[in-house]
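Visitor: Each chain, letter by letter, is given below.
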Amino acid sequence: MNRALLALTAALLAAVVLFAIPRATGSGSDDRAMAVAAEMRAGEKLGRRPFGLTPDGFEERALFALQAGSGVGLFCYAYLGLRGRGSEG
Amino acid sequence: MHIAEGFLPILHCAFWTACTLPSAWDSIRQLRRPEVRARRLELAAAGGTLLLLTALKLPSVAGSSSHPTGITLGTVLFGPRVMPALVLSVLVLQALLLAHGGITTLGANLFSLGICGPFTAYLAFRICRRFGVPAAISTGVAASISSVAVYGAAALQMALAYPDSQTGIMGALGRFLAVFAWTQVPIALVEGAMTAVVYRLLEGVAFTAKLEAAR
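Which chain is which? The protein sequence lines are A and B, in order.
With the first letter of the first sequence counted as 1, position 19 gets the number 558 in my numbering; the numbers rise by one all the way through.
With the first letter of the second sequence counted as 1, position 107 gets the number 103 in my numbering; the numbers rise by one all the way through.
Here chain B stands alone, though its shape is the one from the complex (with noise of 0.2 Å):
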């Protein structure tokens, strides 16, 4: 989920848009570099499934939503430095046009969906690979994985954003996960399979994995 327009403090907003600042220039200009510029066809690749996953909205049992977040094909493509820039553009977009996040809650946004997904989808990923898993299901456990990991991150903000009055940050953090552990864990156990199934077709057709290549 992405938090809503207007809904954290001011200052909040600001703390997290510093926070994602240099790693949203970072990977910009990671974007300009010859070598991903060479591989735009499956940026492009990555770049449609962030746009798709991100727009399939399901509801819960709880009367919200949640959504797949999209985000580690392009990891497990690219690294994790490139991914805050195109998940950039995609909330931007949903931000302007489709009312889902918001322009002050962007670098919150931006934060859990941007950086800590991806990077904990990299982290996922090399740990499985080193244990000798085979790449697409690699892919589809660090795809799980970091779903629930943007998930606990957008719950955090919100909770050090509006503590309960009794039980502090910690019990408004219980109450968030819990709103979202219905719907978010099985969707994040069916990303995991989508994204393998994704990465598999890929494979097929001549790609590299920067993250396979660094091995």
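So here's chain A without its partners, still in its complex pose (with noise of 0.2 Å):
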């Protein structure tokens, strides 16, 4: 099979696998480091999102997955090429 073929097959799968991991505080956020700093600037509102930009729960799963599923992809295709540049040297 082709290494892109490769690479897109494992980058699917770590995104199904990525995505279907439960996550126990929800949307896994650094909530609690900017609580601490919200605390310490008492009555001033969170950190705002570029563009309004609020991903969560399902939403922010599927990024992530989607984000870790490129990393793998990226990873397994150029694990392939060097593999296969390693065996015609």
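Treat the hints as calculated values from the structure; they're not laboratory data.
None of the values given here were measured: they were computed from a predicted structure.
A virtual CB, placed ideally from N, CA and C, is assigned to each residue, including glycine.
You can take every hint at face value.
Restraint ranges, calculated between C-beta atoms of paired labels, are given here:
{"#": "1", "chain 1": "B", "residue 1": "ARG196", "chain 2": "A", "residue 2": "VAL555", "range": "25 to 33 Å"}
{"#": "2", "chain 1": "A", "residue 1": "VAL556", "chain 2": "B", "residue 2": "ILE24", "range": "29 to 37 Å"}
{"#": "3", "chain 1": "A", "residue 1": "ALA601", "chain 2": "B", "residue 2": "ALA174", "range": "30 to 38 Å"}
{"#": "4", "chain 1": "A", "residue 1": "PHE558", "chain 2": "B", "residue 2": "ALA10", "range": "32 to 40 Å"}
{"#": "5", "chain 1": "B", "residue 1": "GLU199", "chain 2": "A", "residue 2": "ALA543", "range": "18 to 26 Å"}
{"#": "6", "chain 1": "A", "residue 1": "ALA543", "chain 2": "B", "residue 2": "VAL186", "range": "28 to 36 Å"}
{"#": "7", "chain 1": "B", "residue 1": "LEU93", "chain 2": "A", "residue 2": "LEU552", "range": "20 to 28 Å"}
{"#": "8", "chain 1": "B", "residue 1": "GLY167", "chain 2": "A", "residue 2": "LEU552", "range": "45 to 53 Å"}
{"#": "9", "chain 1": "B", "residue 1": "CYS15", "chain 2": "A", "residue 2": "LEU551", "range": "36 to 44 Å"}
{"#": "10", "chain 1": "B", "residue 1": "ALA10", "chain 2": "A", "residue 2": "LEU551", "range": "35 to 43 Å"}
{"#": "11", "chain 1": "B", "residue 1": "LEU7", "chain 2": "A", "residue 2": "LEU545", "range": "43 to 51 Å"}
Examples of chain B residues toward chain A, derived with CB under 7 Å:
{"#": "12", "residue": "LEU37"}
{"#": "13", "residue": "ALA41"}
{"#": "14", "residue": "GLY43"}
{"#": "15", "residue": "GLY44"}
{"#": "16", "residue": "THR45"}
{"#": "17", "residue": "LEU47"}
{"#": "18", "residue": "LEU48"}
{"#": "19", "residue": "ALA51"}
{"#": "20", "residue": "VAL201"}
Need the complex rebuilt from these two chains, each delivered in its own frame; the hints are there to steer you.
Guide: This is the structure we're talking about:
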């Protein structure tokens, strides 16, 4: 099978697995640290998100699974390429 | 962790951005060098590791989350000067699409993850190798130490921005570090082991560690 296809398969598998893992604390943001800082400047609001984008729950998990899947795919593509190059040499 | 959008005062944002600009510019120039371009597959492997590990946000007992940094593999393969550009691309992606980090805090996050972390990893790797520690284990140790260093830098940035009213910057720093320590120390250990395994994996398929060549 060609290495792009293999890498894509690995990326999809990783994304599905990572999406399926339940998160014990919901959105899993850096909320606690931000809350500590917010206590120190009482009365002010927590940090804004750019362009009003505030993914949480399903959407956030999907986006992070996509990122992690891309990472796995990219790594697999590079690894298979390096292995192929090594066997050629 | 990445500091969230709008969280730091604008002067701090400007300061950290100014601190990172020279390194980011230098790093982009490093990526254009022929010897780096010739090793695009290894760069892709380092980028893939960075993308994957920074996406693995793990919940902590304190209710917060932390994630591995994934910067050590690229540092060992290409040296710390290449890393700011790689990290910058990931930070921009996360800030725009994932609400992880932010645009105004890009400079601060780049400083901790793209500069402080890689240079710490570089130093740790070199020291380990000087003492004769095997390369894979040195990489793992460097990954663990740099992971903690990144979070230390982030905690310092936040403490500088929001010092405690009674105990000052040091008090705030202690509180931030305490929040992160619960998750980040175990994550750093796991990241060290994972990075060592990935290094061994790549070692088997003919790659050139820049730092090895430099010894």
